[in-house]
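First to last, the protein sequences are chains E and F.
When we follow the working numbering, the leftmost residue of the first sequence carries the number 1, and every step to the right adds one.
When we follow the working numbering, the leftmost residue of the second sequence carries the number 1, and every step to the right adds one.
Any given hint might turn out to be false.
BS3-like, lysine-lysine: derived pairs with alpha carbons at most 30 Å apart [stated by the list, open to error]: (1) F:Lys-97 / E:Lys-90; (2) F:Lys-170 / F:Lys-154; (3) F:Lys-94 / E:Lys-153; (4) F:Lys-90 / E:Lys-100; (5) E:Lys-13 / F:Lys-169; (6) F:Lys-154 / F:Lys-169; (7) F:Lys-169 / E:Lys-97; (8) E:Lys-149 / F:Lys-149.
Here are some chain E residues the structure puts well away from chain F; computed CB gaps all over 10 Å [to be verified]: (9) Ala-9; (10) Gln-46; (11) Phe-60; (12) Leu-96; (13) Lys-100; (14) Gln-119; (15) Leu-162.
Everything labelled a hint here was simulated from the structure, so no lab data went into it.
Cβ atoms here follow ideal geometry from the backbone N, Cα and C, with glycine treated the same way.
There are 2 protein chains.
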Amino acid sequence: MVLRLSHRAERDKRVTTHLGLVARAFGASKILITGQRDEHLINSIQRVVESWGGPFEVEFVSGLQSTVSDYKKSGYAVIHLTMYGLPAQKEFPKILKNSKNRKFLIIVGGEKVPFEVYQTSDYNVSIASQPHSEISALAICLDKLFEGKELEKKFSNARRELVPQACGKKILEKS
Amino acid sequence: MVLRLSHRAERDKRVTTHLGLVARAFGASKILITGQRDEHLINSIQRVVESWGGPFEVEFVSGLQSTVSDYKKSGYAVIHLTMYGLPAQKEFPKILKNSKNRKFLIIVGGEKVPFEVYQTSDYNVSIASQPHSEISALAICLDKLFEGKELEKKFSNARRELVPQACGKKILEKS
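Required output: the full structure, derived from the provided sequences and hints.
Have a look at this one:
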């Protein structure tokens, strides 16, 4: 489960769409989004799910703290991705060891993350302790949590499927 | 070395900036860019290098085929990241085995990648065989090529350095 904070419909449309697609492609079941409700974004992500398969959901939520707190109560470990956090390469082995049920809420910040997010999260984790992109941070986080197995994930009800090619493009159209 | 194709100054400004920052943070030495020359983009990336350290370069190039061909002649293995390519989890072990000098030119597509790119590349590689983001594809590619060691990379001449925190933000200002 991924929670993207403070979406801004105009400025963030591509970045949040990419976050949704990364969440889906790398094995998360859902992306929750706070900020400006954006039907165009929801449609973009849902169109990808219809074409390339699921299950994967996208939902706008209000009430950041109550959302996080509900997931914590349901047994999710909360991982906040922030460049200020502790190094991923040390934290992920601990997280995997401590969280036997492997239910994670991964928080991906936007502009101005409220300090409560740092306090409520079980882990504040940095990928590389350098500025880069919330998209790369999420991808690396999911790849480490799934230990590379997400790259083999099969999706259900896909209308289209890629047939890997050494040189060129091949898509299997199923409907 | 990363080569980003077909930058469009308005539409792609955030995505190409993120690609530059990912290239730097995950251990590449330079990003080459084709498409619309964009001083704002160059400045954004250079400001990050001035603050957070290098070495890392950004350069616009024309002549896609001659650029790729020059790198091939200098002994670089050319990896084209495309969702249509062969699975990363099978290709990267081969690439690492075959390329003892570990000099890679990683091509990240934009809109409409010319077919010559598929033909000239030594490897057409797909991360997850699903649509997601060129930013996540580049991050995963660099993480696999550097086998996670890039997360520990130290940068030179940084004015600012993060001090990892379990909860909160700490930046060491050096000048």
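So, going through the hints one by one against the coordinates:
{"no.": "1", "hint": "F:Lys-97 / E:Lys-90", "in the structure": "holds, 27 Å"}
{"no.": "2", "hint": "F:Lys-170 / F:Lys-154", "in the structure": "holds, 17 Å"}
{"no.": "3", "hint": "F:Lys-94 / E:Lys-153", "in the structure": "holds, 21 Å"}
{"no.": "4", "hint": "F:Lys-90 / E:Lys-100", "in the structure": "holds, 29 Å"}
{"no.": "5", "hint": "E:Lys-13 / F:Lys-169", "in the structure": "holds, 27 Å"}
{"no.": "6", "hint": "F:Lys-154 / F:Lys-169", "in the structure": "holds, 19 Å"}
{"no.": "7", "hint": "F:Lys-169 / E:Lys-97", "in the structure": "holds, 26 Å"}
{"no.": "8", "hint": "E:Lys-149 / F:Lys-149", "in the structure": "holds, 20 Å"}
{"no.": "9", "hint": "Ala-9", "in the structure": "holds, 14 Å"}
{"no.": "10", "hint": "Gln-46", "in the structure": "holds, 13 Å"}
{"no.": "11", "hint": "Phe-60", "in the structure": "holds, 20 Å"}
{"no.": "12", "hint": "Leu-96", "in the structure": "holds, 15 Å"}
{"no.": "13", "hint": "Lys-100", "in the structure": "holds, 22 Å"}
{"no.": "14", "hint": "Gln-119", "in the structure": "violated, 6 Å"}
{"no.": "15", "hint": "Leu-162", "in the structure": "violated, 5 Å"}
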